[in-house]
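Novice: One-letter residues, chain by chain:
2 protein chains.
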Amino acid sequence: MNARKIPDIIIGRLPVYLRALQRMADMGLKTTSSQELGEHVGISAAQIRKDISQFGEFGKQGTGYSIEYLIDKLREILKVNRIWHVVVVGAGDMGHALANYQGFRDRGFHIVAIFDKDKDKVGEKIGAFRVEDAETMVERIRELGVKVAMMTVPATAAQAVADQLAQAGVKAILNYAPISLNVPGGVKVQYIDPSTHLQRMTYYL
Amino acid sequence: MNARKIPDIIIGRLPVYLRALQRMADMGLKTTSSQELGEHVGISAAQIRKDISQFGEFGKQGTGYSIEYLIDKLREILKVNRIWHVVVVGAGDMGHALANYQGFRDRGFHIVAIFDKDKDKVGEKIGAFRVEDAETMVERIRELGVKVAMMTVPATAAQAVADQLAQAGVKAILNYAPISLNVPGGVKVQYIDPSTHLQRMTYYL
Numbered sequence: 446m447n448a449r450k451i452p453d454i455i456i457g458r459l460p461v462y463l464r465a466l467q468r469m470a471d472m473g474l475k476t477t478s479s480q481e482l483g484e485h486v487g488i489s490a491a492q493i494r495k496d497i498s499q500f501g502e503f504g505k506q507g508t509g510y511s512i513e514y515l516i517d518k519l520r521e522i523l524k525v526n527r528i529w530h531v532v533v534v535g536a537g538d539m540g541h542a543l544a545n546y547q548g549f550r551d552r553g554f555h556i557v558a559i560f561d562k563d564k565d566k567v568g569e570k571i572g573a574f575r576v577e578d579a580e581t582m583v584e585r586i587r588e589l590g591v592k593v594a595m596m597t598v599p600a601t602a603a604q605a606v607a608d609q610l611a612q613a614g615v616k617a618i619l620n621y622a623p624i625s626l627n628v629p630g631g632v633k634v635q636y637i638d639p640s641t642h643l644q645r646m647t648y649y650l
Numbered sequence: 446m447n448a449r450k451i452p453d454i455i456i457g458r459l460p461v462y463l464r465a466l467q468r469m470a471d472m473g474l475k476t477t478s479s480q481e482l483g484e485h486v487g488i489s490a491a492q493i494r495k496d497i498s499q500f501g502e503f504g505k506q507g508t509g510y511s512i513e514y515l516i517d518k519l520r521e522i523l524k525v526n527r528i529w530h531v532v533v534v535g536a537g538d539m540g541h542a543l544a545n546y547q548g549f550r551d552r553g554f555h556i557v558a559i560f561d562k563d564k565d566k567v568g569e570k571i572g573a574f575r576v577e578d579a580e581t582m583v584e585r586i587r588e589l590g591v592k593v594a595m596m597t598v599p600a601t602a603a604q605a606v607a608d609q610l611a612q613a614g615v616k617a618i619l620n621y622a623p624i625s626l627n628v629p630g631g632v633k634v635q636y637i638d639p640s641t642h643l644q645r646m647t648y649y650l
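Chains A and B are the protein sequences, given in the same order. Quick note: to get our numbering, add 445 to the position in the first sequence (first position is 1). Quick note: to get our numbering, add 445 to the position in the second sequence (first position is 1).
Don't take every hint at face value.
Chain copies aren't distinguished; within one or between two, either way the pair holds.
Dumping the calculated EDC-like pairs for lysine to aspartate or glutamate here, alpha-carbon to alpha-carbon at most 16 Å [claimed, not checked]:
no., residue 1, residue 2
1, 495, 453
2, 570, 538
3, 564, 580
4, 616, 521
5, 518, 502
6, 562, 481
7, 566, 578
8, 524, 565
9, 592, 517
10, 633, 484
11, 450, 565
12, 562, 484
13, 564, 577
14, 562, 517
15, 592, 565
16, 495, 638
Because the hints were derived from the structure by calculation, they are not lab data.
Full structure from sequences and hints, please.
Specialist: As C-alpha cells, this is what we get:
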C-alpha cells in the first residue's frame with residue numbers, strides 16, 4: 446500500500462479524517478459522504494475524495510463511505526491498528542498534562558514512562574507513573590523497545606535530549622520545545638508550538 | 446499587502462520561518478540564506494524563496510536575507526508586531542501548562558485571564574492568575590476586548606464553549622479538545638491534538 450510515495454501533506458490530513466470519523470462513529474453514525482466529512486474538518490469534498498482514493502477504492506458512488514470500514518482502513522494505513530508505547534521526557538506542567546491526558550489510548554498510544562533530569566522530580570508520582578531519572582533514559586528506552594517519544598523540555602535542553610532519543614532508537618519525536626531539531630535520517634519530528642498556531646490565525650484578524 | 450489572497454498553506458509556514466529566524470537572531474546571527482533557513486525548518490530553499498517572495502522582495506541575490514529585517518517583516522505580515530491579549534478556558538493540567546508557559550510573550554501573545562466552570566477551581570491561583578468563573582466569561586471577554594482564546598476543556602464541553610467565545614467576539618480559537626468545532630464565518634480555529642501529530646509519524650515507522 447505504501448509502494449507509491451504518498452505526499453506527506455496527504456498523510457498529515459489522514460489523522461484529521463480519522464478523528465472526525467471516530468467522532469461520527471461515537472455518535473452512532475454508520476455512513477458518511479465526502480461532503481459531510483468535509484464540513485466536519487473544513488476541507489473540500491473533492492480534496493477528501495482525492496486523498497482517500499490514493500489508498501484504493503473505499504467509497505461507493507451514491508452510497509458514500511462506511512464509517513467503520515474507513516476507520517479500519519485509516520488505522521491500518523497510519524499503523525495505529527496496534528498500540529505504540531510512548532515515553533515522555535520532561536515532568537513539568539506539560540509533562541503532567543500529557544501523562545494525565547485521556548486522549549491517547551484509543552488513538553493508538555500508551556505512555557509507558559516519564560523522565561526528568563531534575564533529581565527533585567525523580568520519584569514524583571504523576572497519575573499512574575513515577576518520574577524516572579533522565580540519566581537512565583537511553584538504557585530504559587532500549588530495554589522497553591520504545592520508538593515514539595514526546596519531549597516537553599526547555600528549548601535549551603531540547604537538542605541534547607533529541608540526540609539521546611535518537612541514540613536510544615526512537616524514530617518519532619513530538620517536540621513541545623519551541624526550537625527546530627536536527628535529527629538523523631529515519632527519525633521523524635513533529636512540533637507542537639501554540640504560538641505558531643496562534644500566529645497563523647492573527648494573520649487573518 | 447493582503448490585497449492578493451495568499452494561500453493558507455503559505456501563511457501556515459510563515460510562523461515556522463519566524464521562529465527559526467528569531468532563534469538565529471538569539472544566537473547572534475545577522476544574515477541567512479534560504480538554504481540555511483531551509484535546513485533549520487526542513488523545507489526546501491526554493492519553497493522558502495517562493496513563499497517569502499509572495500510578500501515582496503526581501504532578499505538580495507548573493508547576500509541573502511537580513512535576519513532582523515525579515516523578522517520585522519514577518520511579524521508585520523502575521524500581525525504580531527503588537528501584543529494580543531488571550532484568554533484560557535479550562536484550568537486543568539493543560540490550562541496550568543499554558544498559564545505558566547514562557548513562550549508566548551515575545552511571540553506576540555499575553556494571557557490576561559483563565560476561566561473554569563468548576564466552582565472548586567474558581568479562585569485558585571495559577572502563576573500570576575486567579576481562575577475566574579466561566580459564568581462570567583462572555584461578559585469579561587467583551588469587557589477586555591479579547592479576540593484570541595485557547596480552549597483546554599473536555600471534548601464534550603468544547604462546542605458549547607466555542608459558541609460562547611464566538612458570541613463574546615473572539616475571532617481566533619486554539620482548540621486543545623480532540624473534536625472539530627463548528628464556528629461562524631470570520632472565526633478561525635486551529636487544533637492542537639498530540640495524537641494527530643503522533644499518527645502522522647507512525648505512518649512512516
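Novice: Next step is simple, just say for each hint if it's right about the structure.
Specialist: Okay, the hints, checked on the actual structure:
For a Cα distance limit of 16 Å, the shortest separation of residue 495 from residue 453 inside one copy, 14 Å, qualifies, whereas the shortest one across copies, 19 Å, does not. In this assembly of identical chains, residue 570 and residue 538 lie within 16 Å of each other by CA distance both inside one copy and across copies; the values are 13 Å within and 15 Å between. For a Cα distance limit of 16 Å, the shortest separation of residue 564 from residue 580 inside one copy, 10 Å, qualifies, whereas the shortest one across copies, 41 Å, does not. In the homo-oligomer, the alpha carbons of residue 616 and residue 521 never lie at most 16 Å apart, since the shortest distance is 19 Å inside one protomer and 37 Å across protomers.
Only within a single protomer do residue 518 and residue 502 lie at most 16 Å apart by alpha-carbon distance; the minimum there is 11 Å, versus 46 Å between protomers. For the identical chains of this complex, residue 562 and residue 481 are neighbours neither inside a copy (47 Å) nor across copies (32 Å), given an alpha-carbon limit of 16 Å. When the C-alpha separation of residue 566 and residue 578 is checked against a cutoff of 16 Å, the pair qualifies only within one copy, where the shortest distance is 8 Å, while the shortest distance between copies is 32 Å. For the identical chains of this complex, residue 524 and residue 565 are neighbours neither inside a copy (37 Å) nor across copies (41 Å), given an alpha-carbon limit of 16 Å.
In this assembly of identical chains, the alpha carbons of residue 592 and residue 517 never lie at most 16 Å apart, being 23 Å within a copy and 39 Å across copies at closest. Proximity of residue 633 and residue 484 under a CA criterion of 16 Å is satisfied inter-copy only: 14 Å between copies versus 30 Å inside one chain copy. Taking identical chains as interchangeable, the C-alpha atoms of residue 450 and residue 565 are never at most 16 Å apart, the minima being 47 Å within one chain and 52 Å between chains. Taking the shortest alpha-carbon separations for residue 562 and residue 484, neither the intra-copy value of 45 Å nor the inter-copy value of 29 Å comes in at or below 16 Å.
In this homomeric assembly, residue 564 and residue 577 come within 16 Å of each other (Cα to Cα) only inside a single copy, at 9 Å, whereas the closest approach across copies is 34 Å. Taking the shortest Cα distances, residue 562 and residue 517 never come within 16 Å of each other, neither inside one copy (40 Å) nor across copies (37 Å). In this homomeric assembly, residue 592 and residue 565 never come within 16 Å of each other (Cα to Cα): the closest approach is 27 Å inside a single copy and 39 Å across copies. In this assembly of identical chains, residue 495 and residue 638 lie within 16 Å of each other by CA distance neither inside one copy nor across copies; the values are 29 Å within and 24 Å between.
Of the numbered hints given earlier, the model fails hints 4, 6, 8, 9, 11, 12, 14, 15 and 16; all others are met.
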